[in-house]
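Work out the full structure: start from the sequences and follow the hints.
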Amino acid sequence: AFRIILTEIIEHLTIESVTPECFYAVITLVKTYLTEGTVCDEILSRLPACGYTAFLTFRDMIDKSIRRARSARAAAARRKEKKTATARKNDTGQDRPFQPDTWPPQSAEEPGPMVRDLQEIFFGRKVPPATW
1 AFRIILTEII
11 EHLTIESVTP
21 ECFYAVITLV
31 KTYLTEGTVC
41 DEILSRLPAC
51 GYTAFLTFRD
61 MIDKSIRRAR
71 SARAAAARRK
81 EKKTATARKN
91 DTGQDRPFQP
101 DTWPPQSAEE
111 PGPMVRDLQE
121 IFFGRKVPPA
131 TW
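Note that our numbering numbers the sequence shown so that position 17 is 17, with each residue one more than the last.
Hints in this document: simulated from the structure, not taken from any laboratory.
None of these values were measured; they are calculated from a predicted model.
There's no promise every hint is true.
[Claimed, not checked] Just the calculated beta-carbon pair ranges, DEER-fashion:
1) Val115 / Ala69: 55 to 63 Å
2) Ala77 / Ser45: 31 to 39 Å
3) Gly112 / Arg73: 21 to 29 Å
4) Thr53 / Arg3: 21 to 29 Å
5) Ala75 / Gly112: 46 to 54 Å
The beta-carbon is built from N, C-alpha and C at its ideal position, and this holds for glycine as well.
Below you can see the structure in the form of structure tokens.
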């Protein structure tokens, strides 16, 4: 939004063909207003009349972008706080990640249920002895 607003203000000022001093004063005022959210009295006092009217033209757009940026930052902070506040649990229901080495070791004599199912599918009820 910062870049879009500055681009539109620059286009507006070049169409009106303002003086370089007015151009610089308006751009400086808009930059400080966008970053700080307040109008500096010193810059405002040096602003020519044509620059002040240009600033007033875009002030609503600038205020909306400032509000949107503030609410977006606040929402991001809330999401970050919520993410850190609630610890994510894994499928095992424990705080630590699942560790496959905790499974009981399987041997060729007593295969696991998945291997037994596959052996029944391929070899029928008779399972050939393991020969390796």
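Okay, the hints, checked on the actual structure:
1. Val115 / Ala69: 55 to 63 Å: Given about 58 Å between the Cβ atoms, the range holds.
2. Ala77 / Ser45: 31 to 39 Å: Holds, since Ala77 and Ser45 (Cβ atoms, about 36 Å apart) stay within the stated range.
3. Gly112 / Arg73: 21 to 29 Å: Check failed, 52 Å falls outside 21 to 29 Å.
4. Thr53 / Arg3: 21 to 29 Å: holds, 23 Å
5. Ala75 / Gly112: 46 to 54 Å: Once the Cβ atoms are compared, 48 Å apart, the range 46 to 54 Å for Gly112 and Ala75 holds.
Hint 3 from the earlier list is the only one contradicted by this structure; the remaining hints agree with it.
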